[in-house]
Every structure is written in structure tokens, then in C-alpha cells.
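My request is simple: use the sequences and hints to build the entire structure.
Protein chains: 4
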Amino acid sequence: MSELFGFGKAILASQPFSVMLGTELEIFEPGTAVLTLVVRDELKQQHGFVHGGVVSYLADNALTYAGGSVLGDSVTSEYKINYLRPALGKKLIAKASVLSSGKNQAVCQCTVVAVGDDGGERTIAVAQGTINKVSPKI
Amino acid sequence: MSELFGFGKAILASQPFSVMLGTELEIFEPGTAVLTLVVRDELKQQHGFVHGGVVSYLADNALTYAGGSVLGDSVTSEYKINYLRPALGKKLIAKASVLSSGKNQAVCQCTVVAVGDDGGERTIAVAQGTINKVSPKI
Amino acid sequence: MSELFGFGKAILASQPFSVMLGTELEIFEPGTAVLTLVVRDELKQQHGFVHGGVVSYLADNALTYAGGSVLGDSVTSEYKINYLRPALGKKLIAKASVLSSGKNQAVCQCTVVAVGDDGGERTIAVAQGTINKVSPKI
Amino acid sequence: MSELFGFGKAILASQPFSVMLGTELEIFEPGTAVLTLVVRDELKQQHGFVHGGVVSYLADNALTYAGGSVLGDSVTSEYKINYLRPALGKKLIAKASVLSSGKNQAVCQCTVVAVGDDGGERTIAVAQGTINKVSPKI
Chain A
29 MSELFGFGKA ILASQPFSVM LGTELEIFEP GTAVLTLVVR DELKQQHGFV
79 HGGVVSYLAD NALTYAGGSV LGDSVTSEYK INYLRPALGK KLIAKASVLS
129 SGKNQAVCQC TVVAVGDDGG ERTIAVAQGT INKVSPKI
Chain B
29 MSELFGFGKA ILASQPFSVM LGTELEIFEP GTAVLTLVVR DELKQQHGFV
79 HGGVVSYLAD NALTYAGGSV LGDSVTSEYK INYLRPALGK KLIAKASVLS
129 SGKNQAVCQC TVVAVGDDGG ERTIAVAQGT INKVSPKI
Chain C
29 MSELFGFGKA ILASQPFSVM LGTELEIFEP GTAVLTLVVR DELKQQHGFV
79 HGGVVSYLAD NALTYAGGSV LGDSVTSEYK INYLRPALGK KLIAKASVLS
129 SGKNQAVCQC TVVAVGDDGG ERTIAVAQGT INKVSPKI
Chain D
29 MSELFGFGKA ILASQPFSVM LGTELEIFEP GTAVLTLVVR DELKQQHGFV
79 HGGVVSYLAD NALTYAGGSV LGDSVTSEYK INYLRPALGK KLIAKASVLS
129 SGKNQAVCQC TVVAVGDDGG ERTIAVAQGT INKVSPKI
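Protein chains in written order, with our numbering: chain A, 29 to 166; chain B, 29 to 166; chain C, 29 to 166; chain D, 29 to 166.
Relax, there's no trap hidden among the hints.
Identical copies look the same in the list; a pair holds intra-copy or inter-copy alike.
Quick list of in silico lysine-lysine cross-link-like pairs, DSSO-like style, CA-CA up to 30 Å:
1) Lys161 to Lys118
2) Lys131 to Lys118
3) Lys37 to Lys119
4) Lys37 to Lys161
5) Lys123 to Lys161
6) Lys131 to Lys161
7) Lys119 to Lys131
8) Lys37 to Lys131
9) Lys123 to Lys37
Keep in mind the hints are simulated off the structure, nothing from the lab.
Next comes the structure, spelled out in C-alpha cells:
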């Protein structure tokens, strides 16, 4: 396990909300982050799909991780998400990558896929946002 | 309690994710929706602030409610959120309203405020998005 | 004419693209900017409406001005726009204001209205974005 | 020249604003659109870069074309753009593609690159948005 990956796991373990949801960090390398979440009933909305807020949370967190992989301690400044399909399946995977980064800011994109009961993957959302370093470099 | 408000409460009660988080519907009138969430440790991230994903969830849900107040059964198609300040306080309030609506789509804005321990309110996020009717009118 | 307003007019006059389009600065005060544009055929698309790109340009520029009114020399880092109605009329007015600002960044919102031939105003677009100071303060 | 490409060229030629700017359609296939724009002084802002509004216009138009390639006559409903670098160079290229589409709506992404005087390409902006069919299918 790389130092960066160990650091990322520790951050996730220190986020009570991520622990409650059951988020896992799968990949955390410079410029890339992949988070996964096993679907369970508590994460759903009234139609039986995963709640959009869960999909958003996962995309937001993956964007922050991607940005943080090149910036260090970071927060999401803003992002935008388009929901493409209802979130149905047994697992969600959010894959984020850095498009551009400077000293204090990175622009990242994220794709969220749902893994169906048959193992097939469908893209359910795409997001794009800005990540800011917590303590700006002077 | 108006019929619309009762309908809104029932929808929220049928969203397992909203129940787990403890979201409450405060106002639900044509063109307006207000959702609140009492802050507890499980909703936080590693710095002790409410997790951005929770703020996003609340904004997203308030946007859907606002759109749904004029469209009927609806989903968020897309939205964008800017985080303005760390989410600190004892309660979050997401106030959303409809800017424009047609038969099948509404554009809504949302402001999320945090109520501090002293009762003071600070705006912590603003969001803007598109809500789509689930079964488009022909 | 205030010093700020004079400064804003000079900046606009030094933007060849704004000069070509005919943009005017109506209001430029700390936290607020209003830009206007008289509609002419060259600004239209194939259906006779003002081209969305013109509406976007005006919103983008108004957001930058609003942010710049509190930050000084600034650029738009990102923004999002929802088009609400076709842009029909004789004049466009983009009104932007600052929601939140720090040393180096401001979050702003903008409303674009079209003034019809009868003088009536209709909101045709809303935008929200982040403005960054060009030379960050240390 | 394919029928679709010819149709796309005709639409562009019927947009007075695109004609004034000098936009060219390079590629127009189902799911993909590429627009280019030769940089000239009239398209710049006060620092000598291409005005952000021009970059936005090109991204917006490319998104509409991409969506229109699968939907038919379409308009941009909303989009979000992140500017990554100052727009410097002799030509801009906006490449847009469809991520997901239904009967009446498509979600598209766009990358805008600037071609430098040395022929090198740098990505200067990324955009993501929703395209709506003008006359919804029933």
C-alpha cells in the first residue's frame, strides 16, 4: 500500500459520514481517485433507486480526493452533476481524475457507474468541479 | 396541514436515506420548499464540519421538492453547488424556490444556511438546477 | 461618476470583444454590476433569438465585474448558466451580485433579463459562478 | 459531405452571430461535433487573451451541435464551464460529445483547446451541459 493510499484510507476512516455510508477507497494515485459504495436499502429514495444525494456525495468526495491527490489537504469549492439514469444496482463506483491543476486549485471530472446484479456497469452520473487546497501555498 | 404539505411529508418518510439522515420538511408550497436537518456527529467529515455530501444532498432534495411543488412527481436532472463556508452549527436549512417552470421542467435555486449554536444564520452554500417531471406531460 | 465606475468603463472599453458587441456598463458598485447590450441582428441565431452564446458572454462578464468590484482585477474561474426562455427583445440586461467573498475568490449570481419591444422585462437566464483574483493576495 | 454535416453547415451559416465570429464546423457525426474559430483581435479581452465569452460561446454551440446530432433541432438548456488556462493562440477547437441521450434530452461534454502559434494544443476549458430537443417527441 502506497503512502498516499494509506493517507487516503485514513482520511476516509476519519469522516463519520463516509463511515456511516460505507464508502471504500479503491484507487488513490496522483491525479486519480476511485471510491465505491455498496448499495443497501438505507441509501435509497421512494422509488427504490439509490438517492441522488448519495450519488452526489460519492461524486463530490471522489472529486475532492482526485484534487487532493495533487494538492494535499483540500475541499470541494464547487461542482456540477448531471444524473444520466436511475441509480440501480448493487454497487456504485465513482472515478475521478484531475484535468488541470495549479498550486492551489484543481479542476476535476468524475463519472459514477452503477454495477448491476449481473455485474454490468452503467454510467449513472457525470460531475465536474473545482477543488481548493485548504491552506493555500504562498 | 395542506394536502401538498402532507404529500411532501409522506414522500420524505418514504425515502430511507432521508429518514436515516433525519431530514424534515418545514415548508412545501407551490414554488417553494424548505428542508431542515439537525446536525449530529455522524454527518461530519474529518475536520468536524458537516460533510459537503450532506449539504449537497439537502440542496439537491430541496431543489427537487421545489420543482415537484409545481410539476408533481419529479427528479433532479442536474444541479450545481458552490460551497461558501464550512458547514458549522446545530442545524442546516435548505430553502429552494422555482425561478421558471414549464409543463415538464423547472429551474430552481437553493440557499443552504447553517444555524449556529447562538442561533445566528450563515449562508454556507448556493445551488441551481433543473428538475424534470417523472412522467412528461404530452 | 465614481472612481470604481470609471475604472469599470475603462476595462470594458479595452475589451475588443465587448466593444464589437456593444456592451455597456450601467452599474458598478461594490458587490454589484449591471451590463446591458442592445440587440441587433448580428447577435442572433437561426431562429431569430439572441444567440445563447451572447447571453452567456453577458452573464459571464457581469459575474466577473461583480466579483471584480470586491476583488480587483479578476477572471471568471467557472460558471453555470440555465437558459429559461428564448432571448427575444430589444435589449439584454445582466445583473450580477456577490454572494460571498474572501481575499482571492468570490461567488456571484447573475440574472439576465430581456427587455421586450413593449418595455416589459422577462428573465431569460440565471447564472452562478466563481470569480478569482488575478494576482492572489498573500 | 454527409447529409448531417451539410445540415450542420447550413445551420451555422444561418446563425448571424456565428458568421460574425467566423465559426467553422469541422466534424458533425452522430454523437460528436467539432467547431473551430480562428482567433483575431476583435475576439479578445483587455489582457490580450480570447474573451471568456467567446470560449463559452464556442463550448455552448459545440454542446448544442453534439446534442443536436442525435436529437435533431435542439437548444442548450443549461451548461457549466471551467476555464483552465488563458485562451492564447491562433485557433480554438471545441470538441463535444454525447454522454447519454433519450428521446428529448442529451447530456454532453465539451473540451476547448487552443492551438498555439507553434501548433501545440492546450486544453483551455471544459464544459458539461444538457441539450433539449426543440419539439419534444411524444
